[in-house]
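There are 4 protein chains.
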Amino acid sequence: MTSHCDFPLRVRYAETDQMGIAYYANYFVWFEVGRAEFCRQRGFSYKQMEGETESFLVVAEAYCRYHAPLRYDSEFVVRTGLKQFRKRTVTFSYKLLGPGGQSTYAEGHTVHVVTDRSGRPKTFPEKYRKLLTNGQ
Amino acid sequence: MTSHCDFPLRVRYAETDQMGIAYYANYFVWFEVGRAEFCRQRGFSYKQMEGETESFLVVAEAYCRYHAPLRYDSEFVVRTGLKQFRKRTVTFSYKLLGPGGQSTYAEGHTVHVVTDRSGRPKTFPEKYRKLLTNGQ
Amino acid sequence: MTSHCDFPLRVRYAETDQMGIAYYANYFVWFEVGRAEFCRQRGFSYKQMEGETESFLVVAEAYCRYHAPLRYDSEFVVRTGLKQFRKRTVTFSYKLLGPGGQSTYAEGHTVHVVTDRSGRPKTFPEKYRKLLTNGQ
Amino acid sequence: MTSHCDFPLRVRYAETDQMGIAYYANYFVWFEVGRAEFCRQRGFSYKQMEGETESFLVVAEAYCRYHAPLRYDSEFVVRTGLKQFRKRTVTFSYKLLGPGGQSTYAEGHTVHVVTDRSGRPKTFPEKYRKLLTNGQ
Chain A
526 MTSHCDFPLR
536 VRYAETDQMG
546 IAYYANYFVW
556 FEVGRAEFCR
566 QRGFSYKQME
576 GETESFLVVA
586 EAYCRYHAPL
596 RYDSEFVVRT
606 GLKQFRKRTV
616 TFSYKLLGPG
626 GQSTYAEGHT
636 VHVVTDRSGR
646 PKTFPEKYRK
656 LLTNGQ
Chain B
526 MTSHCDFPLR
536 VRYAETDQMG
546 IAYYANYFVW
556 FEVGRAEFCR
566 QRGFSYKQME
576 GETESFLVVA
586 EAYCRYHAPL
596 RYDSEFVVRT
606 GLKQFRKRTV
616 TFSYKLLGPG
626 GQSTYAEGHT
636 VHVVTDRSGR
646 PKTFPEKYRK
656 LLTNGQ
Chain C
526 MTSHCDFPLR
536 VRYAETDQMG
546 IAYYANYFVW
556 FEVGRAEFCR
566 QRGFSYKQME
576 GETESFLVVA
586 EAYCRYHAPL
596 RYDSEFVVRT
606 GLKQFRKRTV
616 TFSYKLLGPG
626 GQSTYAEGHT
636 VHVVTDRSGR
646 PKTFPEKYRK
656 LLTNGQ
Chain D
526 MTSHCDFPLR
536 VRYAETDQMG
546 IAYYANYFVW
556 FEVGRAEFCR
566 QRGFSYKQME
576 GETESFLVVA
586 EAYCRYHAPL
596 RYDSEFVVRT
606 GLKQFRKRTV
616 TFSYKLLGPG
626 GQSTYAEGHT
636 VHVVTDRSGR
646 PKTFPEKYRK
656 LLTNGQ
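Chains as they are written, first to last, in my numbering: chain A, 526 to 661; chain B, 526 to 661; chain C, 526 to 661; chain D, 526 to 661.
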């Protein structure tokens with residue numbers, strides 16, 4: 526199994542701004558889509574984990590470095606990887622790549638804390654930990 | 526007490542698109558801000574109603590007519606009124622006006638069904654009905 | 526050629542709100558994605574039309590009727606059709622359907638005025654009119 | 526003149542997600558609002574700078590650290606400061622504070638490159654440099 530997950534996306538009109546390029550905050554939305562697809566590739570849906578275990582991956586930190594602008598209707602790939610896994614925090618890394626992977630539009634990461642519904646930190650649920658980390 | 530509520534807003538960069546004007550879906554976000562301020566002017570917060578009575582105003586219909594474009598950083602007023610009140614549905618009307626009210630950028634309405642947390646229709650909670658309708 | 530265009534989408538976390546369902550304004554973003562894909566199915570990209578002819582489809586009216594809530598990670602189809610074509614205005618219709626088309630989450634329409642970059646109404650560019658209307 | 530700019534905001538319903546808290550990407554939208562107000566406090570509008578000098582502050586880097594969740598309808602202050610000014614790059618810092626400044630919801634920064642309309646780096650326009658940096 527590959528260590529990352531590639532998912533194709535296309536820039537929506539709604540995601541552009543008057544500079545004629547994709548607005549910077551939307552990159553974090555694409556990161557979120559990448560995370561969900563990464564989980565799916567590992568055999569579970571984040572939705573299911575939230576529902577079954579009342580565990581939430583609350584964002585503690587978010588970072589993005591913008592290399593080249595993305596324009597309306599452009600196709601790109603969000604490549605998501607698991608950078609670090611600890612009992613109570615998880616770090617995902619992302620790259621936004623041109624089709625074919627020949628160019629990098631942006632890269633970044635997000636750090637998440639596992640919490641229950643009321644926001645209290647908890648341990649990552651075992652069943653999903655195994656899936657997420659490929660049984661490591 | 527006036528029959529409508531005026532609330533000032535300003536177009537954010539995030540809300541523009543590559544046409545150089547505010548993206549059309551954002552008008553419905555401004556309508557939502559107008560609704561919340563309308564409730565506040567009537568003496569309660571929508572948040573409090575949701576929390577206290579587990580009643581939600583789920584949108585059943587939304588309409589907007591766009592008269593003139595709104596541009597980045599432009600100031601405008603969202604004027605919200607209560608168009609119709611029935612036991613289980615509420616209709617709000619909106620106008621987006623230039624400062625001073627001399628021009629109309631857009632107008633529209635939203636129809637809401639009152640539901641419980643699981644989405645089942647219910648009657649508008651009495652305490653909040655009185656406030657919303659000014660005791661009528 | 527079918528008279529409408531079906532395009533699959535999935536609800537993003539960003540598109541939900543604290544009611545646990547997709548926020549109502551986002552439906553209009555999905556309509557926009559549907560419009561773009563409708564154009565693509567007819568043999569051109571809206572992006573290309575904007576760039577080549579300096580023609581813009583400014584939204585004049587938008588309407589949505591919400592039948593059933595859409596939840597996070599749910600897959601659905603946006604079905605877009607050309608409801609009416611006039612020299613200077615175009616109306617698209619939309620349905621959001623469950624996979625397989627067995628349920629309707631929402632339906633709506635948008636009316637667009639063709640304008641130049643400065644917002645002045647103009648006639649729909651001939652080449653793209655033919656493509657959009659299948660040569661009718 | 527104070528070295529930072531405080532601007533009050535309130536969490537919109539549209540900005541929440543199904544976790545019941547503000548969605549993480551929206552913090553960057555609030556940072557953008559803070560930037561615009563920072564410029565206004567220094568005597569110019571960012572809009573005017575874009576229009577007059579064809580200079581754009583393209584985002585090169587964005588970072589946010591989330592300390593405590595923000596909930597629907599909560600009031601907070603976005604505090605914006607100028608962290609670093611160089612000929613071709615500008616760094617803004619942000620804090621999201623509770624009313625009264627007693628709690629910190631989040632903090633972050635954005636790095637911007639000054640470009641012309643086509644995305645080529647250029648020098649920060651002199652007139653606006655003076656205003657932004659208080660004549661330093």
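Simulated from the structure, these hints should not be mistaken for laboratory data.
Please note that a few of the clues may not be correct.
Identical chains share a label here; the pair holds if one copy fits it or two copies do between them.
Distance condition first, Cα-Cα at most 25 Å in a straight line; then the derived SDA-like pairs of lysine to any residue [said to hold, decoys possible]:
1) Lys608 / Glu632
2) Lys572 / Gly545
3) Lys608 / Ser528
4) Lys647 / Gly625
5) Lys620 / Glu632
6) Lys572 / Pro594
7) Lys652 / Gly626
8) Lys652 / Ser599
9) Lys652 / Ala593
10) Lys620 / Glu579
11) Lys572 / Leu534
12) Lys647 / Asp531
13) Lys620 / Glu651
14) Lys572 / Thr648
15) Lys655 / Arg590
16) Lys655 / Gln627
17) Lys612 / Ser628
All values derive from a computational prediction rather than experimental measurement.
Here is what the structure says about each hint:
For a Cα distance limit of 25 Å, the shortest separation of Lys608 from Glu632 qualifies both inside one copy, at 13 Å, and across copies, at 23 Å. In this homomeric assembly, Lys572 and Gly545 come within 25 Å of each other (Cα to Cα) only across copies, at 11 Å, whereas the closest approach inside a single copy is 34 Å. Taking the shortest Cα distances, Lys608 and Ser528 sit within 25 Å of each other inside one copy (10 Å), while across copies they are farther apart (37 Å). Taking the closest pair of Cα atoms, Lys647 and Gly625 never come within 25 Å of each other, the shortest separation being 39 Å inside a single copy and 31 Å across copies.
Proximity of Lys620 and Glu632 under a CA criterion of 25 Å is satisfied in both settings, with 4 Å inside one chain copy and 23 Å between copies. Proximity of Lys572 and Pro594 under a CA criterion of 25 Å is satisfied inter-copy only: 16 Å between copies versus 31 Å inside one chain copy. Taking the shortest Cα distances, Lys652 and Gly626 never come within 25 Å of each other, neither inside one copy (33 Å) nor across copies (34 Å). For a Cα distance limit of 25 Å, the shortest separation of Lys652 from Ser599 across copies, 23 Å, qualifies, whereas the shortest one inside one copy, 37 Å, does not.
Taking the closest pair of Cα atoms, Lys652 and Ala593 never come within 25 Å of each other, the shortest separation being 39 Å inside a single copy and 28 Å across copies. Proximity of Lys620 and Glu579 under a CA criterion of 25 Å is satisfied in neither setting, with 29 Å inside one chain copy and 30 Å between copies. For the identical chains of this complex, Lys572 and Leu534 are neighbours both inside a copy (20 Å) and across copies (16 Å), given an alpha-carbon limit of 25 Å. With identical chains, the CA atoms of Lys647 and Asp531 are never at most 25 Å apart, being 29 Å at best within one copy and 35 Å at best between copies.
In this assembly of identical chains, Lys620 and Glu651 lie within 25 Å of each other by CA distance neither inside one copy nor across copies; the values are 28 Å within and 36 Å between. Taking the shortest Cα distances, Lys572 and Thr648 sit within 25 Å of each other inside one copy (18 Å), while across copies they are farther apart (31 Å). Proximity of Lys655 to Arg590 under the C-alpha cut-off of 25 Å is found in neither arrangement, the shortest distances being 30 Å within a copy and 28 Å between copies. Taking the shortest Cα distances, Lys655 and Gln627 never come within 25 Å of each other, neither inside one copy (32 Å) nor across copies (36 Å).
Within a single copy, Lys612 and Ser628 get their C-alpha atoms no closer than 34 Å, and across copies no closer than 28 Å, so neither meets the 25 Å cut-off.
Comparing the model with each numbered hint stated earlier shows that hints 4, 7, 9, 10, 12, 13, 15, 16, 17 do not hold.
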